[in-house]
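**Q** Residue numbers (full-length UniProt numbering), protein chains in the order written: chain A, 1 to 318; chain B, 1 to 299.
Derived by calculation from the structure, the hints in this document are not laboratory data.
Check the hints yourself; a few may be wrong.
Far from chain A by the CB rule (all over 12 angstroms, computed), these chain B residues [to be verified]:
#1 ASP9
#2 ILE23
#3 ALA24
#4 PRO30
#5 ASP44
#6 GLU63
#7 ARG70
#8 MET106
#9 SER140
#10 MET155
#11 SER172
#12 ILE187
#13 LEU201
#14 LYS220
#15 SER264
Here are some of the chain B residues that sit facing chain A, going by a computed Cβ distance under 10 angstroms [said to hold, decoys possible]:
#16 ALA19
#17 LEU125
#18 TYR180
#19 ILE216
#20 ILE218
Bear in mind the structure is a predicted one, so any value in this text is a computation, not a measurement.
Think of the CB as a built atom: it goes at the ideal place given N, C-alpha and C, for glycine as much as any other residue.
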Amino acid sequence: MAEIAAITERQQALKKKTKLGRLLKQWDLQLMVIPALLLILVFSYFPMYGVLMAFQDYNIFKGFLDSPWAGFKHFEMFFHAPEFYKVMRNTIVISFLKLVIGFPAPIVLALMLNEVKNMYFKRIVQTVSYLPHFLSWVIVSGFAISILSTENGSLNILLQSLRLIDEPIGFLSIPEYFWTIIVTTGVWKEIGFGSIVYLAAIAGIDPSMYEAASIDGASRFKQIFLITIPTIMPVVIIFMILAIGNLLSAGFEDLLLLGVNPVLKPVADVLDTYVYRTGISGQRFSYATAVGLFKAIISVGLLTFANLLARRTGNSLW
Amino acid sequence: MKIKASFGDRSLTLFIYAALVIIAFTTFYPFWNAAVVSLNKGMDTALGGITFWPRAFTLENYEVVFQDKRILEAFYISVMRTVIGTIASILMTAIFAYGMTKRELMGRKFYMIACIITMYFSGGLIPTFLVIRGLGLMDSFWVFIIPGLISVWNMIIFRTFFNGLPAGLEESAKIDGCGYWSTFFRIVLPLSGPVIATLALFTAVGHWNDWFYPSIYITKEKLIPIQTMLQQILNSNIMSEQMSQLDSASQSRLSSMKSITSKSLSMATMMVATLPIIMVYPFVQKYFVKGVLVGSLKE
């Protein structure tokens, strides 16, 4: 028995040696991937490990390793915070509005573009509508601020010339308008770019299906509903799952930039901006990390749930 | 034989064309209006009514913008970070991806899993902020470059592309005595033009448009990129508009002293920050449509 053990040990040692030898022999190949992996370790895995500070009383001077543990204190604090209700409500309402309006909008645009037979016109509409995706939120918010401004704001000019209002309205300082503005600017920015995938899916449809349908007397409207939409449904469902997984990401840059006015705080504060405000501006690192972790956990739950629903229909993500 | 379109079909077509014209106009108008306001005398704009055409044409807003040393510096920082950041990131990621295509790479499976995990989980804003601060990257130009060097997403796209290259090419290079590195630089990289163009485009746009991270990592004014500076200008603009609502008399007295207003100035700055994107946009369109499809097919 002992002999066999000794032999296997030796074999393993040999194997280890050759493994190390192999590793050393391919040092030039390893050199291609190791710097990148180190960067991933530092910039992705260190922060992931750092999430544990949600359960600490993080102290800048003591650092991550020496800060005392605090259990679920910060989570409880958040649940009992006076902002909790408003932040949760804003997050859910804004992302729900964005889902209900912002999700179908690119699909409708793609369906409409598909009906256009004049290629020149189609190309122009596509080119123009893709452009805002490439602008930063700063620029887009700048446009929105300018159009909605009381000082030569085009919307006010339009409404005044239609005699709908007498005095210019400061749209960005009235809480009632804020959600509409946020959803509209989001749709404005992404509707064209979002339609690309759906257009590609539509392009894959066999044209003979439409021919057969029109011989059978189906109107164009009917063809859209009976051929185009059912064929692109799998793509729609995949994107739907991803969108539901993001349901707690109500937006961040847009809310930060358009919700500058303190009057808007009760309607503009969502989980992500709250994390930013308490964590970066307020330096309450552990607390903000706990709020962020809370959001991440619920998001994973939502994604799993959406995928479960999709699996029932036979279109699962994993 | 041409089948005559029914009434329903014709009205549907009409409706669709009308809707698309409205969408295109609504998308285009804010650009046009911002350009017009930036070319109009600020004081004149304050009187209202500037929509499609400048009433009092002037270039003085741009003169002020181009004389402002801070804006020029910010523009320079943006250009530098976009150029350096894009080249470095695409090169590092491509090398990484090429190494990951090799079957003989030891630990390949483990490396791949480690990469994929980062696509689903992240430390979030605060821990990342603390790591970057702990590394001493705050208030350094390298904070724009180093954290974004490797994109796992781009690595996977590169890897898929490299796997599709004919194996014979690399084998003949190997026989000619090329190692991994020289094969990559002499054979693989020159063949990867389209995928490099697509990924470089998105990386560059991301660099150019980034305003948030500089706003938390950079406090030195000299290192602020143009987008972040524009955000600060717009921010102060909103504040001044609010002030004007409180006290319109003093505000109008203030603006009557100069023909340039903060609004006309911020519109000119906005145009300067937008122009590079609009200028390269027509040339890169074919690449990004391809890029989106590559990305979505992976899902």
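**Q** Minimum Cβ separation between B/ASP9 and chain A greater than 12 angstroms?
**A** violated, 5 angstroms
**Q** Since B/GLU63 was said not to touch the interface, does its Cβ keep a gap of more than 12 angstroms from each Cβ of chain A?
**A** holds, 20 angstroms
**Q** Does B/ARG70 sit more than 12 angstroms from chain A, CB to CB?
**A** holds, 16 angstroms
**Q** In terms of Cβ atoms, is chain A entirely out of 12 angstroms range of B/ASP44?
**A** Non-interface label fails for B/ASP44: nearest chain A Cβ at 9 angstroms, not farther than 12 angstroms.
**Q** Just checking, B/LYS220 versus chain A, shortest CB gap more than 12 angstroms?
**A** holds, 17 angstroms
**Q** For the hint on B/TYR180, just tell me whether its beta-carbon gets within less than 10 angstroms of chain A.
**A** Because about 5 angstroms separates B/TYR180 from the closest Cβ in chain A, which is inside the 10 angstroms limit, the hint holds.
**Q** When the nearest CB of chain A is found for B/ALA19, is that gap smaller than 10 angstroms?
**A** holds, 6 angstroms
**Q** Once the closest CB in chain A is found, is it more than 12 angstroms from B/SER140?
**A** holds, 15 angstroms
**Q** Find the nearest Cβ of chain A to the Cβ of B/MET106 and say whether that gap is larger than 12 angstroms.
**A** violated, 5 angstroms
**Q** With 12 angstroms as the threshold, tell me whether B/ILE23 passes as away from chain A on beta-carbon distances.
**A** violated, 6 angstroms
**Q** Restraint: B/ILE218 near chain A, CB-CB cut 10 angstroms. Satisfied or not?
**A** violated, 13 angstroms
**Q** With d taken as the least Cβ-Cβ distance between B/SER172 and chain A, does d exceed 12 angstroms?
**A** B/SER172 clear of chain A: closest Cβ-Cβ about 19 angstroms, beyond 12 angstroms.
The structure fails hints 1, 2, 3, 4, 5, 8, 10, 13, 15, 20 (numbered hints given earlier, in ascending order).
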